[in-house]
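Novice: In case you want the letters, here they are:
Number of protein chains: 2
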Amino acid sequence: MTLKKPAPDATRRSEKSRRAIFDAAIALVVEAGYPKTTIEGIAARAGVGKQTIYRWWSSKAEVLMDAFLDLSEQASREAAADRDPHVFPDTGDIAADLKFVLRATVDELKNPRFEAPSRALAAEGVVNEQLGRTFVAKLLEPSLQLYVERLRSAQDAGQVRPDVDPRIALELFVSPLAQRWLQYSGPLSHEYTDTLVDYALHGIAPR
Amino acid sequence: MTLKKPAPDATRRSEKSRRAIFDAAIALVVEAGYPKTTIEGIAARAGVGKQTIYRWWSSKAEVLMDAFLDLSEQASREAAADRDPHVFPDTGDIAADLKFVLRATVDELKNPRFEAPSRALAAEGVVNEQLGRTFVAKLLEPSLQLYVERLRSAQDAGQVRPDVDPRIALELFVSPLAQRWLQYSGPLSHEYTDTLVDYALHGIAPR
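Sequence lines, in order, name chains F and S.
So the first sequence is numbered by full-length UniProt numbering: it starts at 1 and just counts up by one.
So the second sequence is numbered by full-length UniProt numbering: it starts at 1 and just counts up by one.
Mixed in with the good hints there might be a few duds.
Note that identical chains are pooled: a pair holds if it fits in a single copy or bridges any two copies.
Unchecked claim - Below, a list of computed lysine-lysine pairs in the DSS-like style, where the Cα atoms sit at most 27 Å apart:
{"no.": "1", "residue 1": "K99", "residue 2": "K16"}
{"no.": "2", "residue 1": "K110", "residue 2": "K36"}
{"no.": "3", "residue 1": "K16", "residue 2": "K50"}
{"no.": "4", "residue 1": "K50", "residue 2": "K99"}
{"no.": "5", "residue 1": "K138", "residue 2": "K99"}
{"no.": "6", "residue 1": "K60", "residue 2": "K36"}
{"no.": "7", "residue 1": "K99", "residue 2": "K36"}
{"no.": "8", "residue 1": "K138", "residue 2": "K110"}
{"no.": "9", "residue 1": "K138", "residue 2": "K60"}
{"no.": "10", "residue 1": "K50", "residue 2": "K60"}
Source of the hints: derived by calculation from the structure; they are not laboratory data.
Take the sequences, apply the hints, and build the full model.
Specialist: What follows is the structure in structure tokens.
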């Protein structure tokens, strides 16, 4: 048996359907909320058959994770046009690199196209442990691991103490930003994230 | 005209109604979610007339805030039986006091009676900015202000640098705990919150 490569037209059609499905999934979760979003609803809105969705994904949670991953990459690229969101900058200056990425994250979180869908998904994750854990495993943890790697290289360079656990340390500057965004508990600005990085690196106790 | 003091029986009846209303409001928000919880539903479940509720509160958001404030005080008292949740301990050792309160907060967040309602309310606050801001103003910020006051007294005692903003500094240890709880992004333990306090006080960079 010879495997046939799909014709260029078929690939273009697939890409167009995938895009339509992502847009429909994001729009529905914003308008109706996660519990009322269904594969049927996504298919109808995207103008594709249900089977087209089931060919690529096995549940609405999976479609939404991929749709959201795609949207979040677009938002990262818009926030820092010259930056690959999968690579953490390493200029050799840990303070500068952390401040740069956190400033870009502030801009990304304030992107209105990104905000409503991420809030809808985050809210559902608070009350739906399985979805929350999937969201963390697929979307949050991979981006946190970039901080872990950057902090490890800072440890090698003597800029972070060797006994510090990077997976916990990153939360000193990432979690305050996340909480202010999730709970409207304070304003988000570049000055704020710069301050978090300074406090986390140097501590709030006298040196 | 002479104002009459309510008879002891009437006061007891009021307190009983208030308790029944709080229990009904909390149960409904857990079972049906915030959007589907109504004053009518709370009244029916509590076995009181709608007018009894409107005599004390003007909206379901207000009833729920008070019900939740009451529940959260119960949970604080259960987590640290000998502790008044409105007073932050001040033994003169800022590290010990922060660790003590954060350990109690871990226990409180793990209290199953407290967890479901606080998740329901927190989730709604993520997508409903007005409720989110009311939640912060009524419930979160007053408890954060206790940290602010304790950090100010640590500044006076020379245990925290004078140029540090206490309202931002507290987020270094409070927000990581909040994010792990809200997003299921990591386990909660006393060892974890102790580590956050050590990192925040002394910084992750070499001294």
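Novice: So which hints don't hold here, by number, going up?
Specialist: Hints 1, 4 and 7 not satisfied by this model.
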